[in-house]
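J.: Below are the chains, spelled out letter by letter.
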Amino acid sequence: MRQIINFILRYKNFLLYLFLLIISLALTIQSHSYHRSKYFNSSNWLTGNIYETTSNITTYFSLGEENKKLVEENKRLRNLLFNQKKEDSIALDTTNITYRVIASQVIKNSYSLPRNYITIKKGSAHGIKPDMGVISANGILGIVENTSKNFATVQSLLNTKSRINAKIKNTNHYGSLVWDTKNYNIVQLADIERLVPIKIGDTIVTGASSSIFPENIPIGVIKNFDLNNSQSSYSIDIRLFNDMAAIKSIYVIENTKRKEIIELEAKTSNDPQ
Amino acid sequence: MIRNSYFINIIRFVLLILVQVLVFNKLNFFGYINPMVYILFLFWYPIKEKRQLFLLLSFLLGFLIDLFSDTFAIHAAATVTIAYLRPTIMRFCFGVNYDFQNFKQTNTTRVQQITFLTLLIIIHHLVFYTLEIFSFENTLLILQKVLTVSLATLILCLLLSSLFSVKKE
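For the record, the sequence lines run as chains A and B.
Each step along the first sequence adds one to the number in this note's numbering, with nothing skipped, and position 167 is 248.
Each step along the second sequence adds one to the number in this note's numbering, with nothing skipped, and position 108 is 339.
Honestly, the hints are just simulated from the structure, not real lab data.
A couple of the hints might just be wrong.
[To be verified] Label-pair ranges, simulated between beta-carbon atoms:
no., chain 1, residue 1, chain 2, residue 2, range
1, B, Thr340, A, Ser330, 52 to 58 Å
2, A, Arg244, B, Lys279, 31 to 37 Å
3, B, Asn369, A, Ala326, 19 to 25 Å
4, A, Ala107, B, Thr319, 23 to 29 Å
5, A, Lys280, B, Trp275, 37 to 43 Å
6, B, Ser393, A, Val152, 45 to 51 Å
Cβ coordinates follow ideal geometry from the N, Cα and C atoms, glycine included.
Excised from the complex, chain A in its bound form (with noise of 0.2 Å):
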């Protein structure tokens, strides 16, 4: 016993590193499945409150910049709306609303780690609830894992967990969206078979098999595609419409009829074959 105490006492200082770098481990490994992290992230109270302080005094030197980005958004919905065939009656019933749009804006973005987040200004006293899709006016941006009050946090494309459903646009081949790291403007897309013709310069959007993202909603072009060891699907280079390191206003989507999806499935799933 006596020696036992010794030993504790000798060796206090390792004993303590010991005991700190495995909370600090078992937080890191732990981190990696799913939806645990819920409370050590950047949406939290004091960082959020932070972060948004902080935005709130950068963002007026880039508000012209951020103007025009919108006034051209802005120009692209009015042409499609003008030239959209006139109904009679527009018909306002909410019941029907698939996809509810939340804006929003990023208060913190990282693109040079291998899993990235965004912190986003709105939380779940505004409707935001994980698993909700993020876009920006370009592109697909992520989805939102974590929310607070406040804030809430997005994994990024650039996240080597992210698997995002996409498609070859016009077509109905489906594949995943994967991140490689090397470059943050650049992302893969997975799973695509050897029969598809593809070629440079395709477009690439979300797919349909999704229940965060609405179809159709613009992901990148391909820049490069390669058929890999296995020969039997490519490997394709996808370059992003979005400048992933220079994103400010976003919109989350909320799928008002996910929760009836995935009741379906989960219904579908367990029946006996």
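Guided by the hints, dock chain B onto chain A, whose structure is given.
T.: For chain B alone, kept in the frame of chain A given last:
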């Protein structure tokens, strides 16, 4: 005098976190170089303070940086490691007499100090990037990142430490 040293360390702690998070984490030089200047806290920290407190403070420092940059606890692990190894590194750099009563960091030569800082930075970055990438297929990538980012961190730390030079302690 003692209270003054506590005060200075608390101010340093807060300022280094803010500077790291709000300025240096956004540099992204060449796409990925973000110097980690908060290591200066461990470089400046008084030698004769209690080691347990020092370990706990280093953990807290790393963990707060982690919270801000959404990196789970990678910074914390790396910082705690260099905090634990600091006495060994000091013995290596300053000779065996570093824990004598009248030893002061300002008495040492510039070369000794730079060696000390370089070792802290390299060990920290090695632990950090190993944990961050977490697979040894990418050993070359780890080494490349460690070398380039260490160099950037070293340069910035030297600049900062000559700006805010330590006179007392």
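J.: Is it true that the C-beta distance of Arg244 (chain A) to Lys279 (chain B) lies inside 31 to 37 Å, as the hint says?
T.: About 52 Å separates the Cβ atoms of Arg244 (chain A) and Lys279 (chain B), which means 31 to 37 Å is violated.
J.: Is 37 to 43 Å respected by the C-beta to C-beta distance linking Lys280 (chain A) and Trp275 (chain B)?
T.: violated (58 Å)
J.: Do the beta carbons of Ser393 (chain B) and Val152 (chain A) sit within 45 to 51 Å of each other?
T.: The hint (45 to 51 Å, Cβ to Cβ) holds, given that Ser393 (chain B) and Val152 (chain A) are roughly 47 Å apart.
J.: So the hint says 19 to 25 Å: do the beta-carbon atoms of Asn369 (chain B) and Ala326 (chain A) match that?
T.: The hinted range 19 to 25 Å holds for Asn369 (chain B) and Ala326 (chain A), with Cβ atoms some 23 Å apart.
J.: Is 52 to 58 Å right for how far apart the beta carbons of Thr340 (chain B) and Ser330 (chain A) are?
T.: Roughly 54 Å apart at Cβ, these two residues keep to the hinted range, so it holds.
J.: Taking the CB of Ala107 (chain A) and the CB of Thr319 (chain B), does the distance hold inside 23 to 29 Å?
T.: With Cβ atoms ~25 Å apart, the hint holds.
Checked against the numbered hints given earlier, the structure breaks hints 2, 5 and satisfies all the rest.
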